[in-house]
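Protein chains: 2
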Amino acid sequence: MKKFMNTAQTMVAESVEGFVRAHEEFVVFGAERKFIRRHHLVPGKVAIISGGGAGHEPMHIGFVGHGMLDAACVGHIFTSPTPDQIVSAIEETDTGAGCLLVVKNYDGDVMNFEMAAEMASGRHRIEMVLACDDIETARAGDGRGRRGVAGTLITERLLGAAAERCVPIAELKAIGDSLSSRIRSMGVALTGVAVPHTQRTTFTLGPDEIEMGVGIHGEPGHSREPFSNVDTIVRRLSETILSDISRSADKGLLLVNGLGGTPPAELYLAYNSALGILSEHGVRIERSLVGTYATSLDMQGLSITLAFLTDEELSLWDSPVATAALRWGC
Amino acid sequence: MKKFMNTAQTMVAESVEGFVRAHEEFVVFGAERKFIRRHHLVPGKVAIISGGGAGHEPMHIGFVGHGMLDAACVGHIFTSPTPDQIVSAIEETDTGAGCLLVVKNYDGDVMNFEMAAEMASGRHRIEMVLACDDIETARAGDGRGRRGVAGTLITERLLGAAAERCVPIAELKAIGDSLSSRIRSMGVALTGVAVPHTQRTTFTLGPDEIEMGVGIHGEPGHSREPFSNVDTIVRRLSETILSDISRSADKGLLLVNGLGGTPPAELYLAYNSALGILSEHGVRIERSLVGTYATSLDMQGLSITLAFLTDEELSLWDSPVATAALRWGC
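Going down the list, the protein sequences come from chains A and B.
22 is the number of the first residue of the first sequence in our numbering; add one for each residue after it.
22 is the number of the first residue of the second sequence in our numbering; add one for each residue after it.
Some clues are possibly wrong.
Claimed, not checked - Distance ranges between label pairs, derived from CB positions: (1) His243/A with Asp271/B: 52 to 62 Å; (2) Met22/A with Asp332/B: 41 to 51 Å; (3) Thr331/B with Arg54/A: 27 to 37 Å.
As the list claims (entries may be wrong) - Okay, the calculated bits of chain B under chain A, using three or more residues with CB under 8 Å as the criterion: (4) 35 to 41; (5) 67 to 78; (6) 239 to 251; (7) 272 to 283; (8) 291 to 298.
Hint data in this document are derived by calculation from the structure and do not stem from the laboratory.
We put the CB at the ideal spot given by N, CA and C, even for glycine.
Okay, chain A solo, but in the shape it has when bound (with noise of 0.2 Å):
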């Protein structure tokens, strides 16, 4: 398992503090170094707070600053950040508005955010919007047993960009759910990872397959298949999401999301392929977004998130943003 790092036990402790180095001009460690959070916070504005394992670099960390998140809780790698992290965070960057929790769909991350909701509920005004865009994990129609992928990404910056605006809490809770059902999200692997810690390959897969509905933890997905081409990946990936996905909105958003070993080249062709396939379903793509943003350590794979947005939705999408992972208008 060679990965540039030094120990399994101080590598996400380094990592977090490069990234912080990195990027000053938008972030600083909050207090003990519980959480990352942005320079500036902004009086009467609903703090939004997220944050997750580690292994998912850029997402949450990348995402704090201008318009998008206030603070996000790290946790060891695949790992929930602990309560105590979480309630430091809110402490800190509650301004009198309320705390906006996004919190990614998973056992582990949901239990301490809801504790740590109710550690700190008899001092702040707190609320939860849970991401569960994947759409392997679970068929029925509410949502339920779903995981929080890279779509995540897309309910934090229009959150962001409305808590930007001074919309109060509950208004923003109203928008994070009611966004829940337009926001789908399918993955797909050509490697497994090693983890760490452990130092064992989650899956192994051999030189002609690869794993289809794959999550942002090395796990497995919902079924292995012969390797053949980007274009079939692709329509298997965009035909599933649009058998599932609610269009009460009608404005698309493709965002392609490398899993953290795949270039750029590959994602772009990718896109391209997207792009055709979704428009053979009269879906009109009006805002992309092609990069690595919600990673699972090194694999070797992508995931094809759509939304269907109104157009206020746009509005708050195209709004300032100025983070370490995305920056436009400011």
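Position chain B against the provided structure of chain A, taking the given hints into account.
Showing chain B alone in chain A's frame:
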């Protein structure tokens, strides 16, 4: 060889088309799709043109836009663009102040850019700047024979920013030439890469081996060494760079660049390590860039680039840039 592609013959065209469609706000295809150019040309500004083989994305197409390149010509994988492509880019982007060609120092690129310059020289004022930042390919002091790798983007950025201020072409050429001894890069690979056309891996490493001194074309490096840890590797890269770079300016810019298959978390870890090692050597880093900018297909590896700049050059670096891969101040 699993890659997100359809055929080796079409992969560059499909990927570049995806890039252009994803970034319509910055770029359009030039005549007959021979090159990519920025949307809005500025009359009286020197046109900055670069290019090279595909397989290095986002270099150079991701650098086309305000404050950087006016056009980029893309060849086949690891193959120079043709003189015809380059002449077309010159003809379409020269608004009267001439064209400066930024060329990575490889025989094929130099030959084709020189041929294009000769073909266009009757109608256009042309100058050329060679990027030759790679440390491992020559030890002579004059820079001849060094390859252009990730550090090329620093030259492109500074010249693009200066051109935006309407600096005349002779002065731009002088700035570019003066940078050459002050930018040095060195790369390391954890894996070789398979070239799509040949389906052959350029070199193969054992599970505990690394290749020191690689470029960005999958060519073998300077020495094969046992895998140790990131501090040891980054120290070797950083100290080799320091032994060779000119310190005639004293403001450090540190670029940690992923070679295609290395996730952001590992790049930040390497960056953190490099900051500490450079600090031991009295180098103060004033600006940083960490990400995947100049790739060698899907190679797992990274390069460290150090540049020593003047205050005036730092101010060029900081000025507004709006491209797909670098964006600030706009």
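Ascending list of hint numbers which this structure does not respect: Of the numbered hints given earlier, the structure breaks none, since each of them holds.
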